[in-house]
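Visitor: Sequence:
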Amino acid sequence: MNIKLIGMVLLAIAVSLVAAGCTDVGSSGKANASPVKATWITAEVSADQVSIPLSFVEENTNVHFKVNTDSGEIAVMAYRFNDEIFVRSNVCPPCNSIGFSLDKDTLVCDSCGTVFDAAEGTGIGGGCVSFPKESIPYTVSDGNIVMKLDDVVTAHEKTVEIS
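Numbered as in the UniProt record's numbering, the sequence shown ends at 163 without a single skipped number.
Treat the hints as calculated values from the structure; they're not laboratory data.
The beta carbon of each residue, even a glycine, is placed where N, CA and C say it ideally should be.
Please note that a few of the clues may not be correct.
Here are the simulated PhoX-like pairs of lysine-lysine, each with C-alpha atoms no more than 25 Å apart in a straight line [to be verified]:
| id | residue 1 | residue 2 |
| --- | --- | --- |
| 1 | Lys158 | Lys37 |
| 2 | Lys66 | Lys158 |
| 3 | Lys37 | Lys104 |
| 4 | Lys148 | Lys158 |
Computed beta-carbon distance windows for the label pairs [to be verified]:
| id | residue 1 | residue 2 | range |
| --- | --- | --- | --- |
| 5 | Asp70 | Asp105 | 17 to 25 Å |
| 6 | Ile85 | Val129 | 33 to 41 Å |
| 7 | Glu161 | Ser111 | 29 to 37 Å |
| 8 | Thr69 | Ser141 | 31 to 39 Å |
Produce the entire structure from the sequences given, and follow the hints as far as they go.
Guide: Shown next as structure tokens:
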């Protein structure tokens, strides 16, 4: 009887280890499900600066937000990839969509499926590869990701130009 009990305990341990090995747990302690759809957040715009809480990106991995400018509303994305934060223009001009999922090391347009390199923003495959996602420079201050409004506009303008 003790042999059966020991066998069952060993089996339970083995199953637990296999199950634990099947979950990809990242440095945040959360399972890294892929693809990660973007979560809408609200940016704060004050004079010539745009800011979002760093914690929103850390907690959600992939976020997007809109910024009102003199030339209209601009969509922006921020995401965590390889322990780095990236901020980019969030538009796919040919298919007229906003929104990208983070799928391992790529950004995938939620509308047309065009794939972009997450680290560089360059097109890899699909119908809209000629519209790389331009990077937006930022600083981190008091727990916020802070961008200049002019840099947001410039990145958007470069993204909508065919390359």
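Visitor: Indicate, hint by hint, whether the structure satisfies it.
Guide: Verification of the hints:
| no. | hint | in the structure |
| --- | --- | --- |
| 1 | Lys158 / Lys37 | holds (24 Å) |
| 2 | Lys66 / Lys158 | holds (17 Å) |
| 3 | Lys37 / Lys104 | holds (12 Å) |
| 4 | Lys148 / Lys158 | holds (16 Å) |
| 5 | Asp70 / Asp105: 17 to 25 Å | violated (35 Å) |
| 6 | Ile85 / Val129: 33 to 41 Å | violated (24 Å) |
| 7 | Glu161 / Ser111: 29 to 37 Å | violated (19 Å) |
| 8 | Thr69 / Ser141: 31 to 39 Å | violated (21 Å) |
In summary, the structure is inconsistent with hints 5, 6, 7, 8 from the numbered list given earlier, while agreeing with the others.
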